[in-house]
Amino acid sequence: MTEIPIAKPILDLNDRLAAANRALLDSHGVFMLDLIASPGAGKTTTILATIAALRDTYSVAVIEGDIASDVDARKIKEQGIPAVQINTGGICHLEARMISQALDALDLDSLDLIIVENVGNLVCPTDFYLGEDCKIVILSVPEGHDKPLKYPGVFQVAQAIILSKIDTMPVFDFDERQFRSDIEHINPHALIFPISATKDHGVKTWVRWLSEQIEQKRRMKAKTAHETE
Amino acid sequence: MHEFSLMQSVLDTVETSARKAGAVRVTAIRLTIGEMAEVVFDAMEFAFEALSPETLSEGAELSMRSVIPRSRCCVCGEEFTHDRYHWACPSCDSLATELIAGRELFIDSIEIEESVSIGDSGLTSDSGSAGEPDSTNEPPVGQGADTQEEPDVIDDGRGAL
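Just so you know, the sequences run in chain order A and B. Quick note: the first sequence uses our numbering, first residue 1, plus one each step. Quick note: the second sequence uses our numbering, first residue 230, plus one each step.
Source of the hints: derived by calculation from the structure; they are not laboratory data. Glycine is no exception: its CB is placed at the ideal position from the N, C-alpha and C atoms. A couple of the hints might just be wrong.
Stretch-level coverage of chain B by chain A, calculated; a stretch enters the list once three of its residues show a Cβ under 8 Å from a Cβ in chain A [as the list claims (entries may be wrong)]: (1) 239-251; (2) 265-278; (3) 291-299; (4) 306-319.
Short, incomplete list of chain A residues facing chain B, as computed with Cβ under 8 Å [as the list claims (entries may be wrong)]: (5) I4; (6) K8; (7) D12; (8) C124; (9) D127.
A few chain A residues that don't get close to chain B, going by computed Cβ distances all over 12 Å [what the hints assert, rightly or not]: (10) L24; (11) L54; (12) T57; (13) K75; (14) S110; (15) L111; (16) D112; (17) P142; (18) A160; (19) D200; (20) G202; (21) W209; (22) S211; (23) Q213; (24) I214; (25) A225.
With these hints in hand, go ahead and build the complete structure from the sequences.
This is the structure:
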């Protein structure tokens with residue numbers, strides 16, 4: 001019997017593929033966000049509102065992750081926005097390898113922003129790095145303010161949290177103060193963007209922040225290009 | 230059930246390392262998993278039982294060491310352990326803390342039985358574990374699915390679990 005040290009992350013290969021995705025995106029100055037939420041939280045609606053607000057300024061594409069169907073990709077394409085559908089066939093999250101394939105299908109030279117809509121799930125996508133610049137979690141008001149305590153992992157890895165469907169706040173017993181206090185305890189650095197995509201509330205603030213990230217990424221690319229000249 | 234993907238990655242790595250070392254069988258796999266990672270140990274055990282047959286790891290003992298979360302306070306520098314929900318510094322109550330342990334997803338080591346080798350080149354003859362691809366350069370696939378590349382729809386899996 002011989003003991004062999006392995007000393008490798010379980011997701012070593014995924015992380016290396018993700019790093020390659022990231023390097024590819026960096027070289028093109030494309031900002032990629034990984035959007036995570038439970039099914040029905042308003043991911044696609046938020047994406048459509050974000051596209052509407054940004055499309056005159058930036059060139060956007062969407063990578064749609066679903067267990068099956070291309071319903072979401074079609075909705076995006078109807079807006080004249082490039083969309084790649086990934087069908088995971090039962091896998092409950094996206095992995096870096098799937099994103100590599102999707103990136104191959106997109107014209108990165110012409111893009112500023114890629115929004116990845118992960119499979120609807122608040123647990124499984126948490127530990128999988130795809131090469132994104134940031135993970136964003138959407139929590140919708142009807143899901144309840146207690147979700148950060150029930151699914152802390154995903155709220156911990158998120159750089160920002162979109163609280164969606166805030167127009168339904170009067171109908172649901174959503175305690176925003178409790179929600180904010182819980183987020184502060186499990187992820188004090190997270191930004192919170194309350195929005196109603198259908199009523200156009202809060203979208204501007206969210207999009208302003210996103211635009212700053214896109215600009216920063218572009219500047220980084222310009223700087224790198226300048227340095228290598 | 231992302232534990233299936235994690236376990237597939239574990240088994241791929243173990244298989245490659247074990248073959249390189251000339252193993253005929255893997256007898257133990259030791260993992261370290263932080264409490265902040267979204268991993269259910271029972272689901273890992275289940276995935277191991279489902280995915281390990283006909284690999285070198287079949288019948289191996291799977292042990293998982295869990296790591297209690299640990300953070301450092303960005304204000305006063307205190308280091309402290311905590312649960313999954315409460316990260317505030319116990320000394321100064323600051324919420325500005327930085328996680329330094331608890332998110333591990335790590336393969337520590339394996340134990341193998343080696344073939345009684347005549348040479349020592351490291352590569353054994355085929356030790357009867359055909360079936361699993363030696364996936365050094367292949368990405369780990371969630372459930373061993375064949376990946377079909379299509380321009381618009383990428384169909385990744387074989388079917389739901």
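Status of the hints after comparison with the structure:
{"no.": "1", "hint": "239-251", "verdict": "holds (count 7)"}
{"no.": "2", "hint": "265-278", "verdict": "holds (count 4)"}
{"no.": "3", "hint": "291-299", "verdict": "violated (count 0)"}
{"no.": "4", "hint": "306-319", "verdict": "holds (count 5)"}
{"no.": "5", "hint": "I4", "verdict": "holds, 5 Å"}
{"no.": "6", "hint": "K8", "verdict": "holds, 5 Å"}
{"no.": "7", "hint": "D12", "verdict": "holds, 7 Å"}
{"no.": "8", "hint": "C124", "verdict": "holds, 4 Å"}
{"no.": "9", "hint": "D127", "verdict": "holds, 6 Å"}
{"no.": "10", "hint": "L24", "verdict": "holds, 15 Å"}
{"no.": "11", "hint": "L54", "verdict": "holds, 23 Å"}
{"no.": "12", "hint": "T57", "verdict": "holds, 26 Å"}
{"no.": "13", "hint": "K75", "verdict": "holds, 14 Å"}
{"no.": "14", "hint": "S110", "verdict": "holds, 16 Å"}
{"no.": "15", "hint": "L111", "verdict": "holds, 16 Å"}
{"no.": "16", "hint": "D112", "verdict": "holds, 21 Å"}
{"no.": "17", "hint": "P142", "verdict": "holds, 23 Å"}
{"no.": "18", "hint": "A160", "verdict": "holds, 17 Å"}
{"no.": "19", "hint": "D200", "verdict": "holds, 30 Å"}
{"no.": "20", "hint": "G202", "verdict": "holds, 24 Å"}
{"no.": "21", "hint": "W209", "verdict": "holds, 20 Å"}
{"no.": "22", "hint": "S211", "verdict": "holds, 27 Å"}
{"no.": "23", "hint": "Q213", "verdict": "holds, 22 Å"}
{"no.": "24", "hint": "I214", "verdict": "holds, 25 Å"}
{"no.": "25", "hint": "A225", "verdict": "holds, 30 Å"}
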